[in-house]
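Peer 1: Heads up: the sequence lines are chains A and B, in that order.
Heads up, the first sequence is in this note's numbering, so the first residue is 58 and it goes up one at a time.
Heads up, the second sequence is in this note's numbering, so the first residue is 1099 and it goes up one at a time.
Where hints are given, some of them may not hold.
To be verified - Subject to a maximum C-alpha distance of 25 Å in a straight line, what follows is the list of computed PhoX-like cross-link-like pairs (lysine-lysine):
#1 A:Lys569 to A:Lys442
#2 B:Lys1391 to B:Lys1362
#3 A:Lys268 to B:Lys1435
#4 A:Lys278 to B:Lys1426
#5 A:Lys474 to B:Lys1435
#6 A:Lys443 to A:Lys268
#7 B:Lys1147 to B:Lys1276
#8 B:Lys1209 to B:Lys1100
#9 A:Lys268 to B:Lys1307
#10 B:Lys1100 to A:Lys284
#11 A:Lys474 to B:Lys1238
#12 B:Lys1391 to B:Lys1435
Derived from the structure by calculation, the hints contain no laboratory data.
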Amino acid sequence: MKRIDRSEKVRVHFHQAKWDEPIIYELSTPGERGILVGAPDEEIAGQTKGVDALPEGMKRNTKLNLPELSQSRVLRHYARLAQQTLGADVNIEIGQGTCTVKYSPKVNEQLSALIREYHPLQDADTVQGMLEIFHETDKYMSEISGMDHFTFQPGGGSQGILTMASVMRAYFKDKGEDRDEIITTIYSHPSDAAAPAVAGFKIVYLQPDEKTGVPDLEQLKAAAGPKTAGYIVANPEDTGVYNSHVKEFVDYIHSIGGLCGYDQANANGLLGVTRARDAGFDMCFFNLHKTFSTPHGCGGPACGATGVQKDLVQYLPAPIVDYDGEKYFLNYDICSNPCAVGKVREWYGVAPVVLKAYCWIRSMGPDGLYQVAKTAVLNNNYMFKKLMELPEVTAYYEDGNNQRIEQARYSLETMEKETGISTLDIQRRMMDFGMHYWTSHHPFYLPEPMTLEPTETPSKKDIDEYIETLKYVFKEAHENPDIIKTAPHRSVTHQVDESGMDDPARWATTWKMYLKKYSD
Amino acid sequence: MKKLGLIINPIAGMGGSVGLKGTDHVVEEAIRRGAQPRAGERVKAALTKLIEIRDQITVYTYPGDMGGELAKSLDFPTVLLTAAGTDAVDADSGYTAAGHTDAADTIELAKKLLEEQVDLLLFAGGDGTARDIYEAVELKVPCVGIPAGVKIHSPVYAKNPQAAGRLALMWLTGKVQKTEELEVLDIDEERYRREELSTRLYGYLLVPKEKTLTQNRKAPTPVSETASIEAIAYDIIEAMEPETCYLIGAGTTTRGIMHLLGLKNTLIGVDLICGKKLVAADLYGDTILSYIKGRRTKLIVTVTGGQGYLFGRGNQQLTPDVIKEIGKENIIILATKAKLAALGGRPLLVDTYDEACNLSLCGYYRAVTGYGEYTMCRVTID
């Protein structure tokens, strides 16, 4: 036995599991079963018509094509796939820029499991505890944001933005005003434009000033007019730059009769520091997985909790969980305006997600939430300072003030010019060290962008390890660029052919489509 | 005492105002169409920036309109080099005149300036001129280009003559000391014949490095932009008014409209449509005016590649008179978001030959960047 050598700061021997696992349909063997379901007892069978009870139009004409596997093979299949992911529990979660997921305490997972047998159609009297949690979480989020009521119906961030846009549409419909334009900014999340477009709005983007990184008021005035329904933005934007004049923007939009929505998907740097309503916003939404510690990935259950000021509560999707002094109930009347949004998703929210957010808020307390903001901002600015010391890294929009909030977008253009290694190359190479790395939404407004967001989760040691890994890869860019150009080498897949991404004719999003398009 | 080499391509830019896509080999046709030499005005604007150090520099150039005449008129100490085939050096009569110089003169003078070991080579022209300069000097002497030609894709040219003058001043006074190698680009003739607008790299010149003053490489629209261009075209076509004339400017983005309407398009020219039908193709200057006078007309233009020019680069057919007739409120700008992104937030630029027209075009515009999607763009002159 000898002392283990830990002198290497970078995980140069990392290797992701690679199982060459087939698609589950390819594993199927006709007749193989995980469970053999017995026939119903005679007594039960006699009381129901079985599938014959279904209307003719709802019955399948062909047999459902499901893969046929034993339990152990199903378990093995998904366990292997799970090992091939680089999830938040195994990597130092910094490199998903703008989408970084913070640590989610496992105890909250266990608590949320307590309600998994609940059903949203249960009588309210039997789920008073869960309804209380909905109601209390509404109150906490109203306190955090300054809004008056929250809906938990939206199933994610984009749906939260869609709900905000839909509230704006409902409001103007009710007022009889024909307004069909939403103003946003280039560096706000793309969904701030995409979701209102889905709701039927035209989109007007504001561009950043080349020095400050945020638009000036004159540009907003040029963009806004009688057709402007609203202004929906993130602040800080994806660059990490905060528009400290945002209240003037909000005031101007109000002066021409518009409404303002704040994309607070990620409010890590703002908890206890600023409130959307205090800046004049009429509505906002939080992504519970980004700010309130409810894990979410791969399209799993999420919640874009959306809050509005009191005049707009009447347009929210019904119902809101309310309290009459004695018991909790589903209040449909509070959102009963004939122009109200209606449902944006079934029921009244994903209860386990709301429960986890509730637990997290309660465990942190008001001081804890404020500490989250301070730590997230400190972590990011520590990282910003350390990275800016590297010759390969630059940043735009410093303008005498390089303070970022909780994330930052950097540029690797100097390194790219010197070595030919681009930010996309670095992204692939970081996988070889078990690290996420993110560039930017498309198109790239800044050359060779690198966007990092530590949140409050990582320790100084974690951040230092991430920086050391980046330095290691940057050094490779100068000394051995080929190893980066050909990366990843130790990840699940090698370089993915993206050539078909723009070509629907080559897409195969289901097994059926795959067979149709790619069978010999 | 610093040595400043000066080369003016006196015919540069003459083709543009009369609907020719360049001036090389067609100068006589340009003159026949009424084109006037323009390069002199541009060089004068640049040299004016150097007057404050007039006593610290000597201009080396050829006599006549390749540089001597202008340098002397601004009282710069001037050394006139001897052109091939001439014995006398006579700046007043000049051995050259518009239409009588060609690429060989540019190349020869550039080589002579190299022998004279000038500190900076200031040249005026378009992409063709830049190619000639490259052929003669390669990376052996720092150069600054004054934009005066019809086609200017090469980032070796400053944004405008004034900027070229400022950059030269900073270099000659030591305020800028670093150089960078910038591309000499020109339209790829082979692909252009296939109606694809694509720039080709011919070489590099050494240019004093001052990022805000030189142009970005003009980036052709990548193929993945096709869907964006189509979305923009749908937005424009949906809003078209039946009685209004639409002038469709040059470029691949505006071409999307013509494609969707099934109309023949002039890739680097101006076409006129009305009622979704082609009225006239490949128009220029006065001819455009004759069509649109007294008719409600909208002008649809795009931004040129990575440079961000709205007017004055590659679309000189749209003369200040045409622009004034149409009016700022009837100008519709198209650009894919990727194209705007390549500008990194810098404003769009106008550089017509009419200062008042340039100023009148400044301000914010709502560029069409998708279907029902617009991006605010600021237009300035520098």
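Peer 1: Now tell me if each hint is right for this structure.
Peer 2: Against the structure, the hints come out as follows:
no. : hint                   : result
1   : A:Lys569 to A:Lys442   : violated, 51 Å
2   : B:Lys1391 to B:Lys1362 : holds, 24 Å
3   : A:Lys268 to B:Lys1435  : holds, 20 Å
4   : A:Lys278 to B:Lys1426  : holds, 18 Å
5   : A:Lys474 to B:Lys1435  : holds, 24 Å
6   : A:Lys443 to A:Lys268   : holds, 22 Å
7   : B:Lys1147 to B:Lys1276 : holds, 20 Å
8   : B:Lys1209 to B:Lys1100 : holds, 18 Å
9   : A:Lys268 to B:Lys1307  : holds, 19 Å
10  : B:Lys1100 to A:Lys284  : violated, 59 Å
11  : A:Lys474 to B:Lys1238  : holds, 22 Å
12  : B:Lys1391 to B:Lys1435 : violated, 33 Å
Violated hints, listed in ascending order, are 1, 10 and 12; each of the other numbered hints is respected by the structure.
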